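Following the hints, position chain B against chain A.
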Amino acid sequence: MSVNVANLSVAYRSRRGDVTAVDNVSFTLADGEIMGLAGESGSGKSTLGNALIYLDQRMKATGGTVTVDGRELPIADTRAMRPLRMTEVSLVPQYAMSALTPTRKIGQLITDLLKSHHVKDTREVLTEMQRRLELIGLTEGVLSKYSFELSGGMRQRVTIIMSTLLNPSLLIADEVTSALDVSTQRAVGEMLLEFRDRGYVKSVIAITHDLSILAQVADSIAIMYAGRLAEKASTEAIVNEPLHPYTQALIASLPEVGVRADQVTLTGIPGRPPSLADPPPGCRFRDRCPFAFDRCTQTPPFEEIKPGHHVACWKVSQERAAASGRPVVGQAAAEHAV
Amino acid sequence: MSESKAAAMPAPIGTVPVGPIGGTTVGRKHNDFIYYGLRNKKLIFGLGLELLLVLFAIIGPMIAKYGPQDFTGAQLQHPNGTYWLGTNTLGQDIFSQLANGIRESYLIGALGAVSAAVVGMALGFTAGWRGGILDEILQMITNIIVMLPSLVLLVVIGSYMTSKSILFEGIFIGLTTWPWVARAVRAQTFSLRSREFVEMAKLSGKRPVQIIVKDIAPNMASYLFLVVILLFGSSMLIAASYDFLGLGPTGTVSLGTMMNQAQSEAALLYHEWWWFIPPGAVLTAMVVALLVANVGLDEIFNPKLREQ
Numbered sequence: 001m002s003v004n005v006a007n008l009s010v011a012y013r014s015r016r017g018d019v020t021a022v023d024n025v026s027f028t029l030a031d032g033e034i035m036g037l038a039g040e041s042g043s044g045k046s047t048l049g050n051a052l053i054y055l056d057q058r059m060k061a062t063g064g065t066v067t068v069d070g071r072e073l074p075i076a077d078t079r080a081m082r083p084l085r086m087t088e089v090s091l092v093p094q095y096a097m098s099a100l101t102p103t104r105k106i107g108q109l110i111t112d113l114l115k116s117h118h119v120k121d122t123r124e125v126l127t128e129m130q131r132r133l134e135l136i137g138l139t140e141g142v143l144s145k146y147s148f149e150l151s152g153g154m155r156q157r158v159t160i161i162m163s164t165l166l167n168p169s170l171l172i173a174d175e176v177t178s179a180l181d182v183s184t185q186r187a188v189g190e191m192l193l194e195f196r197d198r199g200y201v202k203s204v205i206a207i208t209h210d211l212s213i214l215a216q217v218a219d220s221i222a223i224m225y226a227g228r229l230a231e232k233a234s235t236e237a238i239v240n241e242p243l244h245p246y247t248q249a250l251i252a253s254l255p256e257v258g259v260r261a262d263q264v265t266l267t268g269i270p271g272r273p274p275s276l277a278d279p280p281p282g283c284r285f286r287d288r289c290p291f292a293f294d295r296c297t298q299t300p301p302f303e304e305i306k307p308g309h310h311v312a313c314w315k316v317s318q319e320r321a322a323a324s325g326r327p328v329v330g331q332a333a334a335e336h337a338v
Numbered sequence: 001m002s003e004s005k006a007a008a009m010p011a012p013i014g015t016v017p018v019g020p021i022g023g024t025t026v027g028r029k030h031n032d033f034i035y036y037g038l039r040n041k042k043l044i045f046g047l048g049l050e051l052l053l054v055l056f057a058i059i060g061p062m063i064a065k066y067g068p069q070d071f072t073g074a075q076l077q078h079p080n081g082t083y084w085l086g087t088n089t090l091g092q093d094i095f096s097q098l099a100n101g102i103r104e105s106y107l108i109g110a111l112g113a114v115s116a117a118v119v120g121m122a123l124g125f126t127a128g129w130r131g132g133i134l135d136e137i138l139q140m141i142t143n144i145i146v147m148l149p150s151l152v153l154l155v156v157i158g159s160y161m162t163s164k165s166i167l168f169e170g171i172f173i174g175l176t177t178w179p180w181v182a183r184a185v186r187a188q189t190f191s192l193r194s195r196e197f198v199e200m201a202k203l204s205g206k207r208p209v210q211i212i213v214k215d216i217a218p219n220m221a222s223y224l225f226l227v228v229i230l231l232f233g234s235s236m237l238i239a240a241s242y243d244f245l246g247l248g249p250t251g252t253v254s255l256g257t258m259m260n261q262a263q264s265e266a267a268l269l270y271h272e273w274w275w276f277i278p279p280g281a282v283l284t285a286m287v288v289a290l291l292v293a294n295v296g297l298d299e300i301f302n303p304k305l306r307e308q
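Going down the list, the protein sequences come from chains A and B.
Counting from 1, one number per residue, gives the positions in the first sequence under my numbering.
Counting from 1, one number per residue, gives the positions in the second sequence under my numbering.
Extracted from the complex, chain A is given alone in its bound form (with noise of 0.2 Å):
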């Protein structure tokens, strides 16, 4: 269990008090896994992704420990973090395309990456690094170009590898596929695989709306909806048997291939979701729920329903409850979690 998060609680500062955008949020990654983490937008995806490593003014961690190795990440405290950024835990931000410095060669910001790391062994992360840029289709001549220099494609790969390049043991990927064309998306993906494949990095948490693309690379995916897990499970059975109604209700509003637009017309969720600076009590999908009855008023716990399969619904938990002839986890679950 290389990355343990537990009750994990990230806060915006507001004049107004703050907003929760992420909730008590608990998950674990093995080594070797990649999770998709998959929501609507606003749902807290890339907060989360960014409390793992870098948590900037107006963001603060109110509860919960990430646990990296079995060794406790301080989140909290930007100027410990320092030195486990890119060593540790490393991101590959949203912005990738546009995330090198336009005035440095991208061999010089490489060296400097190095230089406050304090890598003594230079000649051996550059070489290991010349084999990753052959690896995905570089050669060593954008060590000597600016960023401007390369396409967009070209910087995204680059930064990708800056980012792992001292196999960090946790990996972030923020939509690293969201402004590429679906065959440079494949490829992307399929550099992430390999990645992990050699051990640059040992997990990985792909943050994206697109749950096409996870489908094809990840292990595991997690559904955020309104700053909290709905569901955690494999991918084979979050496409094929999604337990929570919101999962069903994206996977549903997916396209399939060979439908035509004339045969069946693509479904959306109705509704919005809630604001996360007054979040209704209860399930924060209530509203939009088909199956929503009195007991959704409750938070519902982030169960394990099956062995992996953590879900966060009434409905889910009382019918394995039926099912298992066991009572439903009682109200003292429900009551602490409130």
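Since the hints were derived computationally from the structure, they do not count as laboratory data.
Each hint should be verified, as a subset may be incorrect.
Using 20 Å as the maximum straight-line C-alpha spacing, the simulated SDA-like pairs for lysine to any residue come out as follows [to be verified]:
id	chain 1	residue 1	chain 2	residue 2
1	B	K202	A	R104
2	A	K115	B	R130
3	B	K202	A	Q318
4	B	K214	A	S116
5	A	K115	A	P83
6	B	K202	A	Q130
7	A	K115	B	E199
8	B	K202	A	Q57
9	A	K60	B	A221
10	A	K115	B	K214
11	A	K105	B	N31
12	A	K306	A	Q318
13	A	K105	A	Q130
14	B	K214	B	E199
15	A	K60	B	E199
16	B	K202	A	K306
17	B	K202	A	H118
18	A	K145	B	P218
19	B	K214	A	M97
20	B	K202	A	M97
21	A	K105	B	D32
22	A	K145	B	A221
23	A	K60	B	G131
24	B	K202	A	L84
25	B	K214	A	M59
26	B	K202	A	H117
27	A	K60	B	S194
28	A	K105	B	Q210
29	B	K214	A	I110
30	A	K115	B	T72
Source: prediction; values computed, not measured.
Structure of chain B alone, referenced to chain A:
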């Protein structure tokens, strides 16, 4: 402000036809600047004139026959073979005074420019990077310094000092002109610090000083370079005006003191042109050459200003 635009936007070197020396990958940017620099008439003129004057400042005092304050005994001589630029009413050699004055002007210009640039950049980067309450405090200090009448301040400080050195005058000028640098640097830092490559630098575990030096400052390098040149010129002018008012360093002769003496002895009235024209003309040439070179450099750094 064209130079700040140049700073914010890196020159798209790859797209500009680079000429005979282009085409190599390594050191292309460097060559590019030299290529355009050698073809810029303003830069060649300004830099050439400035170099001549600097050369004169170095060699002049060596070849001068008298010390700048020596009395030669020959008063009010027209320029001739012995006294190349004539003498003044006290019998001092104008050429010797001029050569010494230019040297002093350059010294004060350098001192003023360096101290203003150091203070201005330090406060500008700090205020722009940190923001918040620290920025407010630094902005307040900056505004106070802007409001201070530096001439009055110099009179007040000067009245407590028995003698003033060139070092004092240079640093005094630097410490009263830095606010403009600080403001511009702060504004640029504010805009640059939210750029994505700076965010990435933070994510990669770099320390703030490193980010400022390696990621932020290079993006305004051309502005910083040009502002130092402008400060250099303005420091020389300010020094000359202080000296003209008799507030300058004691015990030396500068261009300003020469003009002060010429004025108080009514040289203009008696048509003693060799006394006041050389310092005035040389000072003008020094500053104009710098400004012309500055415009030329601006054109080189900013591709939009380049003549096609």
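Results of checking the hints against the structure:
{"no.": "1", "hint": "K202(B) with R104(A)", "verdict": "holds (16 Å)"}
{"no.": "2", "hint": "K115(A) with R130(B)", "verdict": "violated (24 Å)"}
{"no.": "3", "hint": "K202(B) with Q318(A)", "verdict": "violated (46 Å)"}
{"no.": "4", "hint": "K214(B) with S116(A)", "verdict": "holds (11 Å)"}
{"no.": "5", "hint": "K115(A) with P83(A)", "verdict": "holds (12 Å)"}
{"no.": "6", "hint": "K202(B) with Q130(A)", "verdict": "violated (24 Å)"}
{"no.": "7", "hint": "K115(A) with E199(B)", "verdict": "holds (18 Å)"}
{"no.": "8", "hint": "K202(B) with Q57(A)", "verdict": "holds (12 Å)"}
{"no.": "9", "hint": "K60(A) with A221(B)", "verdict": "violated (35 Å)"}
{"no.": "10", "hint": "K115(A) with K214(B)", "verdict": "holds (12 Å)"}
{"no.": "11", "hint": "K105(A) with N31(B)", "verdict": "holds (15 Å)"}
{"no.": "12", "hint": "K306(A) with Q318(A)", "verdict": "holds (14 Å)"}
{"no.": "13", "hint": "K105(A) with Q130(A)", "verdict": "holds (16 Å)"}
{"no.": "14", "hint": "K214(B) with E199(B)", "verdict": "holds (13 Å)"}
{"no.": "15", "hint": "K60(A) with E199(B)", "verdict": "holds (17 Å)"}
{"no.": "16", "hint": "K202(B) with K306(A)", "verdict": "violated (40 Å)"}
{"no.": "17", "hint": "K202(B) with H118(A)", "verdict": "holds (16 Å)"}
{"no.": "18", "hint": "K145(A) with P218(B)", "verdict": "holds (16 Å)"}
{"no.": "19", "hint": "K214(B) with M97(A)", "verdict": "holds (19 Å)"}
{"no.": "20", "hint": "K202(B) with M97(A)", "verdict": "holds (16 Å)"}
{"no.": "21", "hint": "K105(A) with D32(B)", "verdict": "holds (16 Å)"}
{"no.": "22", "hint": "K145(A) with A221(B)", "verdict": "holds (19 Å)"}
{"no.": "23", "hint": "K60(A) with G131(B)", "verdict": "holds (18 Å)"}
{"no.": "24", "hint": "K202(B) with L84(A)", "verdict": "holds (12 Å)"}
{"no.": "25", "hint": "K214(B) with M59(A)", "verdict": "violated (26 Å)"}
{"no.": "26", "hint": "K202(B) with H117(A)", "verdict": "holds (13 Å)"}
{"no.": "27", "hint": "K60(A) with S194(B)", "verdict": "holds (19 Å)"}
{"no.": "28", "hint": "K105(A) with Q210(B)", "verdict": "holds (16 Å)"}
{"no.": "29", "hint": "K214(B) with I110(A)", "verdict": "holds (12 Å)"}
{"no.": "30", "hint": "K115(A) with T72(B)", "verdict": "violated (63 Å)"}
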